[in-house]
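A.B. asks: Using the sequences and the hints, build the whole thing.
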Amino acid sequence: MELFAFVETIMNWAAQERALTALIIGLIGAAILSGVINVGAMAVVWLERKVLGDVQSRFGPNRTGSRWGILQLGADAIKLFTKEDIIPKGADKQVYVWAPIVASISTMLVAAAIPFGALRINGVDYPLVVANMDISAFYVEAVLSIMVVAAFMAGFSSYNKYSLLGAFRGMARMISYEVPMGVCVIGVALMAHSLNLVDIVESQVVWYAFAQPIGFVVFTIALITDLGRMPFDQSEAEEELVAGYVTEYGGIRWGLLYFQEYISMVLGSILLVLLFLGGWRGPSIPVITIFSPMIWFLMKVIIVLVFLVWLRASVMRFRIDQVTDLGWKWMLPLSLVNLAWAVLVGLYLA
Amino acid sequence: MVLKGMKWTLKTAMEREVTRLFPEYMMPLPDAERGIHELDATICIGCGSCARICPNSCIEMVPYKYGNPLKNKKMVFPQIDFGRCMFCGLCVDECPVSCLKMGKKVVLAGWNRKDIIYSPDRIAVKKHTDKEVAELEAEAKRIAAEKKKAAAAAAKEKAAKAKAEGSGAEGEAKKPAAKKAAAEKTSEGGA
Amino acid sequence: MVTASEVLSAIKSAFPGSVKEERVESDRRLWITVDPGKLLDMTKFLRDKHGFDHYSGAAGVDRIADNLFEVVEILTSHGAHQVVVLMKVKTPRDAPSVNSLTGLYWNANWYEREIWEMYGINFPGHPELYPLLLPDELVGAFPWRKDFKGYPDTSTGRRAVESVTSDGHTEFTIMPTDKEMEGGVFQRIKVPNFREREEMELGSDAEMIMHMGPQHAVVPGPFLLDLLLDGERVKRAFLDVGYIHKGIEKIMENRNWLQALVYTDRMCYMASISNNEAYCGAVEKLLGIVPTERAQYIRVILAELSRIQSHLLGTAEFLTLIASAIYSPFMYMIIDREDVVSLIESVTGARITHTFVRFGGVRNDLPPDFKEKTLPVLKMVKEKTLQYKDLLASDSIYKKRMVGVGVLTAEKAKNLGVSGPALRATNVAYDMRREDPHLVYPDLDFDVITRTAGDSAARVEVRLDEILESVKIIEQCLDRIPEGPIQEKLPKKIKPEPGEAYYRVEDPRGEMGFYVVSDGSDKPYRVKVRGPVYAYFQALPPLLEGAYIADVVAIAGSMDACTSEVDR
Amino acid sequence: MTGEPLAVEYYIPLIMFLVMGAIVPIAALAAVKIISPLKPNRRKKSIYEGGLSPVRDARIQFNVQYYLFAIVFVIFDVEVLFLYPWIYVYASEIMNRFVLLGFLNMAVVEMVLFIAVLLLGLLYAIKKEALRWV
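So the protein lines, in turn, are chains W, B, E and L.
Positions 9 to 358 (my numbering) are the ones given, in order, by the first sequence.
Positions 5 to 195 (my numbering) are the ones given, in order, by the second sequence.
Positions 4 to 571 (my numbering) are the ones given, in order, by the third sequence.
Positions 2 to 135 (my numbering) are the ones given, in order, by the fourth sequence.
In case anyone wonders, no lab produced these hints; they're calculated from the structure.
Think about it this way: if two alpha-carbon atoms lie no more than 25 Å apart in a straight line, the pair counts; the simulated PhoX-like pairs of lysine-lysine are:
hint, chain 1, residue 1, chain 2, residue 2
1, E, Lys387, B, Lys8
2, L, Lys40, W, Lys101
3, B, Lys8, E, Lys403
4, W, Lys337, L, Lys128
5, L, Lys45, W, Lys101
6, W, Lys87, L, Lys45
7, W, Lys91, L, Lys40
8, B, Lys131, B, Lys77
9, E, Lys495, B, Lys75
10, B, Lys15, E, Lys382
11, E, Lys403, L, Lys128
12, E, Lys402, B, Lys11
13, B, Lys11, E, Lys387
14, B, Lys15, E, Lys392
Stretch-level coverage of chain L by chain W, calculated; a stretch enters the list once three of its residues show a Cβ under 8 Å from a Cβ in chain W:
hint, stretch
15, 22-35
16, 57-70
All values derive from a computational prediction rather than experimental measurement.
Glycine included, C-beta positions come from ideal geometry on N, C-alpha and C.
C.D. replies: Below, the structure is given as structure tokens:
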């Protein structure tokens, strides 16, 4: 009966005029955002190559499209689209095919609830967000870990030992860091008295990175782990497991999985900026006042992204047992310490 | 902690790249570089030492026009198959007249295997022109004719001597035969 | 100090009448031919009573003229004294059999397996006499015998057979010729192949065997490391080599003395000067010449430069294995190495395969401004190496990953027969430059670097410290190098007197020995290479047991292996 | 149930995004099907394992240790789930009435007790080596 009531509510709602607006907004938002994050991720792939090149005294891409190699990604995309699409023998075909799609869905679902900056009109910031939910922080954190399910699907269905181990490693890593990450989000939400990302940003008179330094560090580490970046990229450690869970993927299927990783990297950086680095808050810039929150926001995101790439170039990889140990024995207690700190500050000092 | 590494990478990011963009910028090569061979066709005597010492048998002696017929009687010069050459430099060391050298050219590419078999013409850095060759050939003919004359004269003399002293020319006759046998042996080895 | 003649008299008094032939070449070399029946006792006597605790290798020689096979066992000591005993055992050609030394020395295993598959000499008492280097089709063909005609018989002109599979792929199979099958030249020996052997070890359903290699990121070249895994822990490791076996030792028998030199470069391109030097040193012994002093200095300078570049690359490759190819200090080491390689190139004319050392000298003299060019590079290398040491010492992830991983104790390392940095990391100061002085090394002042921990971190530290020592050596050489000729006078045709020589040098990776036999012709009769990496590889499986997959990579990387030399 | 508290407007875009997320890869796969050549054979379809055919297959029985990991995770994830609604509650008016000794908020006390019990469990798990990677 509950379900029936729910359907009825939806029908009632759909009869209203607001329904059409919401649908149109949703569709336009989805189309625009999927374009934006795809382009953003492409920019990040290019950025990574260029930054890595710089850090290692190399040029990075420098032939395709002028000295800066900006067309390199186009060339790569053409290659991926024209490669033969092969499903290995012995693979669990359904799961194998669905893994990239699930990955893509997970990132899109995250993108729906994440504010991509704001516009400042008459001194008020209007956030650019499609689904401004009350519990968006909780929602984003939950949906972000669907990515690892996709990775597990990919690894498990491939019928390959490297993939299998990679999938296990990815899962274990997610398991070990999901809890500290959640507790850190709770710490932030406590101080902001809200789980809405827009409210969290707006409540950051002082960045939460300064208000909760431990939480910031733990969250960053947990985020890097969730994104599978160095030094936590055990699930695709190429020296041991070749390419981990994507070993058996080729052509566009590999391209999709690979690309989703970069999209989630962008989204993760945005999340870090929103939760701890004050989001789009920042002084107005004259003349382009309307875009000033956007500029601050993008600047912070790019700095976080560059930091991630830079980290990749300068640290060694942990062993998987050390990663899980670190998660359970250090990150979880530390996140609880942070929570206690947040409770104290939130309850008695504020 | 890992901060030292991060500091180092940051520092390097600020510095200039050390990579060279290859076709535009070639690295400086030392004088001793063992690159593509350079043949001085004007002094090569076509002895084939290089072909014999080559561990990969990539040198073949082939006829070639613009050499010095005075020195190189058969007018054969080394042709090098760079598909097999490993640039060990033994041929250069072995050359008795130092006509073969290895230069600073190292770029070696072709569309197929035949493209990287370099004929004497391609590796020659010094060669005679048509005119010079003609002159030298004339010269060679002249010298050969003179020699023939001299040899005939010597033979006459010798014959005269031999008549006088008995048979002594047997040793002379044996020598060319031995040489011929040796040449056959090497050609087998080369193949 | 114990000398070779003392060892000889001790053997003679303990085993009267069992020494058939004897030759005391110098204080450090003793050649004896012994009674096959007494081989085991005599080896045991040498090991227990006279400190010969290092089995350096074994070589098979086909004496077809005498209708005999020879097996030469090379015994030395880890620092107790400097005598090398080359103990020959003769065995008839029609039923060759020599007692196995695996009971006395664990590391005799691979050497005997190699002789068995190449010559068909049987080793009673060997626990696993399986083919090591040869592909399955060639087992039983005994390709290193002198009467081997090529496989398939090159005289019949039949080569690999081309066939097209059902999905359109061209496959090549090498079949034995009919003549060989009929004539019984080709006897197929029935032994379980590698895969069958490892499948026997598979236990419960939770275990699996994972290939690492032959085409895998961990390996420095194609070899197969199979891990029997329980979860992520290695229960057993199996190692299969021979994927790129080039048969260099056999090729050298078919080239003349000078041409054969070229192939020593290609054994391991990271250490080509050392390999050149080892081969030339052995031939010089046969020829009875000594290189000129200037040539000796040049050889030392280049060998040490080559050691620097090899250690830099070895450490860099090792870092890629525990970090990733993106880890920047890897690139920095490669960049530093480029300068060193350019220096070597300015002398030899080639960047990796130098073919530089010649009998009695070297190919080129140093360029005139060599010293001015070298000193800044050395200074840079020194600075950078100290920085790398500092970086690794301060990196907590590195310490977490490497300290206490892949620990070798001194006893175990000696038993496994490893040498070079891996042995010195266990506090055994065993360095050929000290043990078997050659060139001008005795005049030079340098330390043999050791560490006590014996783990992967210690091995890398030893390597980095050795770079500093090499810098020291080169600086001394540059100060002292005399003027003079770079090439000793050589006979026009290089034809050493019949005889044999064993010469060993300190390769960047350890003990590199060349055993060279001459029959008086212009070609080597037999060349046997005793390479350091061969010993490392053999020691790898026992070292890996109980490690995580991630540690397997680290341990294998810290050994700084070079497959090309194993499959020489 | 009324229309307002469900806030359907927020969830309709999510469905749109879900559809969009599925369409992009499916469109890409369809494009590849049209553009790229397809000539599969046994070798191309074979599993990559270092260039050799694998010994036995990759479907092994997993070590029970993996499940221990998962169980510990489930326990703690539930903890985190409990914490989320608690954020809204602990500082509310109602809870401010339950204050011990003038400053101890009962909601906080309860949560501290709850987490303490779980931490004891974690300690036990660590002690028993349930979290040791295999």
